[in-house]
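K.L.:
One letter stands for each residue in the lines below.
Number of protein chains: 4
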Amino acid sequence: MSIDIPARPAALSVDTRNGVAYRVADLGLAEAGRHQIRLAEHEMPGLMSLREEFGPHQPLKGARIAGSLHMTVQTAVLIETLRALGAEVRWASCNIFSTQDEAAAAVVVGTTGTPERPEGTPVFAWKGETLEEYWWATQQIFDFGADENGAPQGPTLILDDGGDATMLVHKGTEFEAAGAVPDAAEGDSHEWRVVLDVLRDSLQSDPQRWTRMGQGILGVTEETTTGVHRLYELHRDGKLLFPAINVNDSVTKSKFDNKYGIRHSLPDGLNRATDVLMGGKTVFVCGYGDVGKGSADALRGQGARVIVSEIDPINALQAAMDGYQVARLDDVIGDIDILVTATGNENVVTVDQLQALKHLAIVANVGHFDNEIDMAGLESLPGAERIEIKPQVHEWRLPTGRSILVLSEGRLMNLGNATGHPSFVMSASFTNQVLAQLELHTKLDEYPIGVYVLPKFLDEKVARLHLDALGVKLTELTPRQAQYIGVDPAGPFKVDHYRY
Amino acid sequence: MSIDIPARPAALSVDTRNGVAYRVADLGLAEAGRHQIRLAEHEMPGLMSLREEFGPHQPLKGARIAGSLHMTVQTAVLIETLRALGAEVRWASCNIFSTQDEAAAAVVVGTTGTPERPEGTPVFAWKGETLEEYWWATQQIFDFGADENGAPQGPTLILDDGGDATMLVHKGTEFEAAGAVPDAAEGDSHEWRVVLDVLRDSLQSDPQRWTRMGQGILGVTEETTTGVHRLYELHRDGKLLFPAINVNDSVTKSKFDNKYGIRHSLPDGLNRATDVLMGGKTVFVCGYGDVGKGSADALRGQGARVIVSEIDPINALQAAMDGYQVARLDDVIGDIDILVTATGNENVVTVDQLQALKHLAIVANVGHFDNEIDMAGLESLPGAERIEIKPQVHEWRLPTGRSILVLSEGRLMNLGNATGHPSFVMSASFTNQVLAQLELHTKLDEYPIGVYVLPKFLDEKVARLHLDALGVKLTELTPRQAQYIGVDPAGPFKVDHYRY
Amino acid sequence: MSIDIPARPAALSVDTRNGVAYRVADLGLAEAGRHQIRLAEHEMPGLMSLREEFGPHQPLKGARIAGSLHMTVQTAVLIETLRALGAEVRWASCNIFSTQDEAAAAVVVGTTGTPERPEGTPVFAWKGETLEEYWWATQQIFDFGADENGAPQGPTLILDDGGDATMLVHKGTEFEAAGAVPDAAEGDSHEWRVVLDVLRDSLQSDPQRWTRMGQGILGVTEETTTGVHRLYELHRDGKLLFPAINVNDSVTKSKFDNKYGIRHSLPDGLNRATDVLMGGKTVFVCGYGDVGKGSADALRGQGARVIVSEIDPINALQAAMDGYQVARLDDVIGDIDILVTATGNENVVTVDQLQALKHLAIVANVGHFDNEIDMAGLESLPGAERIEIKPQVHEWRLPTGRSILVLSEGRLMNLGNATGHPSFVMSASFTNQVLAQLELHTKLDEYPIGVYVLPKFLDEKVARLHLDALGVKLTELTPRQAQYIGVDPAGPFKVDHYRY
Amino acid sequence: MSIDIPARPAALSVDTRNGVAYRVADLGLAEAGRHQIRLAEHEMPGLMSLREEFGPHQPLKGARIAGSLHMTVQTAVLIETLRALGAEVRWASCNIFSTQDEAAAAVVVGTTGTPERPEGTPVFAWKGETLEEYWWATQQIFDFGADENGAPQGPTLILDDGGDATMLVHKGTEFEAAGAVPDAAEGDSHEWRVVLDVLRDSLQSDPQRWTRMGQGILGVTEETTTGVHRLYELHRDGKLLFPAINVNDSVTKSKFDNKYGIRHSLPDGLNRATDVLMGGKTVFVCGYGDVGKGSADALRGQGARVIVSEIDPINALQAAMDGYQVARLDDVIGDIDILVTATGNENVVTVDQLQALKHLAIVANVGHFDNEIDMAGLESLPGAERIEIKPQVHEWRLPTGRSILVLSEGRLMNLGNATGHPSFVMSASFTNQVLAQLELHTKLDEYPIGVYVLPKFLDEKVARLHLDALGVKLTELTPRQAQYIGVDPAGPFKVDHYRY
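Chains as they are written, first to last, in the numbering used here: chain A, 41 to 540; chain B, 41 to 540; chain C, 41 to 540; chain D, 41 to 540.
Calculated from the structure, these hints are not laboratory results. Any given hint could be a false lead.
Claimed, not checked - Only pairs whose alpha carbons sit at most 25 Å apart, straight line, appear in this in silico DSS-like list of lysine-lysine:
| # | chain 1 | residue 1 | chain 2 | residue 2 |
| --- | --- | --- | --- | --- |
| 1 | B | 534 | A | 534 |
| 2 | B | 398 | C | 513 |
| 3 | D | 496 | D | 513 |
| 4 | D | 513 | C | 398 |
| 5 | A | 513 | A | 496 |
| 6 | D | 398 | D | 430 |
| 7 | A | 398 | B | 513 |
| 8 | B | 279 | A | 534 |
Because the structure is a prediction, the values reported are computed rather than measured.
Go ahead and model the full structure; you've got the sequences and the hints to work with.
P.N.:
Right, dumping it as structure tokens:
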């Protein structure tokens, strides 16, 4: 498969191992990225502490990590932490829009390298990939050159976000076992067709590639709800090829990244995209999970009137107790200035509902995929016209005569219109990731095939590594108090089902 | 054991079954209580829905329920719901101060009864019991008269709050097996001595009483953290005599009662006790669990500056992310106007710390027992003087020359100085209680000895029964959406480890 | 006019000067009041600072102050501050329900007196006066016995709240000039008829009493919006008899008392009256002035969904910017659980609207008079039935079959159901009052007849006296900074039209 | 004076009247600007309503308006509104960094023009002017070509922000009267030297230019505190040349722009500059005026712990009542992650304080001039090194070994790092501006020389024009209610000293 590497932005990796030089990164870009990485390190105390604690022991020596996760400044700090612990790393983004090119460039070039002689980590990602380019890039992270015997060598660990890398191994293995890649069915998405093409090419050129790859992988650590969901399904169906650690459900991930991260980046994205005052506006938030809670909180904090919808009566009751009107979208649709989806479900906003919105209402998705809003339906709506106001901000002129503003083409606007979660929040998530990679690399026998969350004491450790930076002084239990509540004075402090 | 029943308040029960009439309730009190119960019913839609749904089928027919839970207006609605579903009920409070006498009187007298001919439910509780009276009352709930064969008859179910009733059965059984009740050890609390006396008397008069009682009990449903903690310990040690349902950890209990209940009743108690402006004051909240979260939220909502302490790094990080200063008590003790304990641990505030507080600082416990603050230490502090400002509000003049105001003698001030959690919150908790009692009475085979939480669909049901009253409109999943996220359109909607 | 002094509560004043002993206060009540006053002093740093600063100089020596203001614990601290500065004082409440009997008793008895030999200040007030009793009591504050020549002697200053005392002097003077008191007109309120009777009796017994009284008065300091409004009207019409200081519009009064006071006492009153959970409820607040702002803020702080109505587009825009839905009452009336009036206008809630509310909706007035809600209309509504749940809490069964709960009979519920504003807030208001009395007593020549607000440096002084108690550290301007912004480093710091 | 017009950005005006074409705007830029202006119009309902109401009558016919105000998208809507009402307009920015080049380009080119044949309004502004360029641009707005008699023609009205245009006229007139421009004194700022040079050149080329200009000007409408302050000083000193309307102190300006505008743009600027998580951080806000209130509110809404400093005891008490710690900067300086100045004073943060901050603490000014933080001191600090992270974001490496991040070089970061106040807020401010221009142009006789605020009914009108867009439904007074509170049912509704 031949990919036409785009001429710019120049933030693209080089793979020196194979002697194949793709377009190298730009030095100016790399220097800008280096500055940002340095500032981000200051905001990522968890990762920096791990470097300090584990760096001298090189516990990831021998690990070959294939990473598929938004290639941002924060991910750069993650990548360099994995390297500092001894791992070999290759990286792609898990989203076609989310790469920050200067971060990618800096990671590729390394601290003392140049674009011509990069000394960093191979990264295959740039902002604004096509789907073909995206899946080409995803394949590159599996190619760790040849071992000492000249045999092709894949990763020992996957670090995944959304499960695309994991899916490639599993589907590849499945199709290789079947000896054929099925044809796309009618109604299959364009993306799925691209994946099938990729695997079809692979089957032709190396009929055991993914099977071999899967056998070499010790395990995967997965970042998000969606990816975790896929893993539980694979395991339920007996198809999971290696153990998986569900990083998403560490408390220090799900309750921090999802809630506090979005509280930060939703208003940030709205501002960068539209500069529209949130104060006084009526905002509808679909879903009151952690992401919805963070969204509602941020918008109220900016003086918006927030209305929430929910399908789960418990979350609905929480929303009510937190002072929000809980309504069905259809019942209040004519009042809404800003519509935010935070559900992780599909078709939460239909084309009919898009057409019922006020003129120039803003539509923003912070849930997961772009099918949360029926973008496909909108794209095929007769008479609808799409005008680019600026990248990732489009006015859709509707047959009703009204327009709406759709952010990031219905994809995650906190990534597309803002810069994703801020470093501090990602530090908590990524510290979990590194600890999870360490678990799989060093204690594999404790993880037979299955899906695991990290033990609570590691979760608490992640939190602990982030307190000093915030000036938080922890109170310590006396031995008598610890005994009174039946815990070790060093923790863990809570029963497993504690909800925080 | 002879108890001198206090002459007033007259809110005391009668037990007609044994022909022994204790002091009967006062009709005026009962009428006042009846009004309040009627208003509370309006605020307890969950319980009223259960009456409507299950009343005609009498599913609790044959159940004899011994209840030990604060005898408030809300509990009256619970008791009458249990009765409406067919149960026979006897009740005591689980706290010497928390009884609302008018509620007790109304429950005893019943809707159409009189103090002379009460038609309600036997209740053994009044506001301001001594410890001796308290344990006398607790014993009464186990005495369901004689069966058709004249044999003494105990409860089939316990509905417990804090585990005192359950403890009596377990300790009684243990001592009966040993054939003796141990002497109190030096350092044993006064309360434990009272318990030992009660069991010693019992062993003498009926050496198999508690053993027999325990054998007749199908199970217990427990309301609070502390009680649940005891149950898990009993089960871990192989001593649990019957299955237990942990109502406390239903989401609709722990995340509502603990958080939203205290958000309501902490400021209420502060107001009724002291009328002190919370705005502008510096408040220190020990503990950022659900109770601490609700406390901090309420006080910030009143314009206080809130500082939080924590021992768990995860909760500490949550407090910081919610915008609170997280500090050690000792580091800021000279700045504090109001000190709130919300930990469930012991000795969280020491006598030294009490003495370091500002003049007329307010000390309030919403955690659990009165040992959360070192009240025993304060009482034995040479030179300390206690002045009653009004019931449950005491000024302690300290040797330092400063005073502090201690609410509810260090016990739960939301019960002692306010009226406990409001009806709506208790409706959620108590709907869980009724569902749990139904589970044990009707599906005992699904509950071998152990400690259980209610299945998630019942938790969601509890939430659902409270939405209409708040005008909440739930959104419904389409079948396709349900399939997309892999759930039944009717729920349950979340994985078990979901944290809300 | 003969008044039948009620037998209990016994918190009633004695007037020793005239040798006429009315029912004396109860010692137990007085002692309870004394405790509360001591605690209140701690919360009223402004008044205590004035005692310290001015007490030695006795600047109010020779002042005879007639006070008409809610006879609460806080007012007791005010009265004793005026005394400490040298004034002679007589007091009545300005509301038939707002007296706290223990405070009245303590003020009457004094620190070392007894009911038989009271040594305090004459107070004519008890909780639950009839209108006849109220106006009898108001008259008593004008009777300062005889001067050294035996001539009857009135006050030199009025301290008023709502303007009733001031009105009596002005109307008395007007009718004395006319030589007759007019008959009541049809439609005149009962209260107005009582006032006419009082003045008719007075005219008969002493035809120059109020004229003489008015001539002896140096000025009045007025506490509230309503009273201030009356004063501006009197002055506009050329009828004002003496200068008036508008204490209400000191920043440290209006922006603190109205906003932060009601933020405290509205939820307090709702709790004491109904114990209803505010969280999750839909609350409608009529009016978004300072009182409405404080109301909305408090209710949101408790997790209520708040909807606001406004007639002023500026305040309406503020409400929207603060995140509240701004609607007309009629448009959302079926959704409301709690209805709060905060306007100072009349007939803001009509009988039709009362009937359109949900079953057991709560109706609470924190605006001003009871005509804010059409209570008169409700009382004359055929088929409406009033049931007393407890004092100041009435269920009204309506012809619709639904009920509503009306608090404090439509009068100020923060006074009737709670204990009014807390001490700290009243300290700011009352420190303004004392400073205003000082201005009139000591610098009368600077106040020709007219209505004045206190100069800004005194307003700032009031604030300054309340900072230490809250641990507030003020930053000081350097001389250069002061010059840069063109102010004195000691203040005042703002232009007069600054809005805070 | 010759100015070297920068080659890019190309957003620069053309003046066709004089036949002198400066660098014309870029069409792509203009088209981008046109899109943004169209979206902004939707968010500026006040201005659009004025176009609709007044456009047909051309009430500004004959007005020549010299505007000196940040050349943003919102200002474009203002300019085009003034044009739509009949005025002739020339514009410069009032800040060297705040111009949005695409907005400038769009205004210059006009809706149907081209860069070669611009049909819009002359604008002299681009992002990143030098001080020499800035003052050159400011001069251009006074040059309205020649009248029908060929005499040079200046503006009839100034629309000013900060008072630079007004200052030029006043200083020019003063120096022309003196016949000489003084030499710069030692210690004079670079900017003041530039102004003196400008006026010296002017005096040489046309010794009556500014005198003539001042005589032709009917009045000025001024946008900000600083400018208003200068006007009151000029008037106090008898030097004011023409009447001024203080737009800043319209309620719908100062209480909206300052508070709600900064609430929006402070976190926006922090995000765009640094992407740093605000949640959990300790933020210090200097000043609790309207800007400080909005700042503190926004940061708390993002989960920061906010500490406030104040010099005014009233504002300090407000901050405490709103729940903020009020401290002196020096006392907590080691805890601060983000330092925000919101005072309008000078030297509020000294170089010593900058050096005492934590490593990588962020320093942001939203007050007024860059002397609020001692940037001059920092620039001359030996051993301090400035590293540009990106435009308007600089790391200063300090001799202490620590660094700080300074935003916008100490100037207004909401303009330099964000896009200023959002359109909706500016709509309120600018609607006041247009009404003020209308007052001066059409009712000059009502405005003898002096400084005025707009009458309250116009202030209320501004608010009213913004309600529909937010879905706010205003309640209307009945005639009886209006009479009861003594107002016209159509307003104004409040006394002049009402503080909102």
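K.L.:
Has the given pair, residue 534/B with residue 534/A, been kept, meaning a C-alpha gap of at most 25 Å?
P.N.:
21 Å, holds
K.L.:
Would you mind confirming whether the straight-line C-alpha gap from residue 496/D to residue 513/D stays at or under 25 Å?
P.N.:
Holds: residue 496/D and residue 513/D sit about 21 Å apart, inside 25 Å.
K.L.:
Does the alpha-carbon distance linking residue 398/B and residue 513/C stay inside the 25 Å limit?
P.N.:
17 Å, holds
K.L.:
Verify the proposed pairing of residue 398/D with residue 430/D, using a straight-line Cα cut of 25 Å.
P.N.:
This hinted pair holds, its Cα atoms lying about 21 Å apart.
K.L.:
Are residue 279/B and residue 534/A close enough, with their CA atoms no more than 25 Å apart?
P.N.:
23 Å, holds
K.L.:
Hinted pair, alpha-carbon criterion (25 Å max): residue 513/A, residue 496/A. Please report holds or violated.
P.N.:
Within the cut-off at roughly 21 Å; holds.
K.L.:
Does residue 513/B lie within 25 Å of residue 398/A when you go C-alpha to C-alpha?
P.N.:
22 Å, holds
K.L.:
Taking only the CA atoms, is the gap from residue 513/D to residue 398/C under or equal to 25 Å?
P.N.:
22 Å, holds
Violation of the numbered hints given earlier is absent; every hint is satisfied by the structure.
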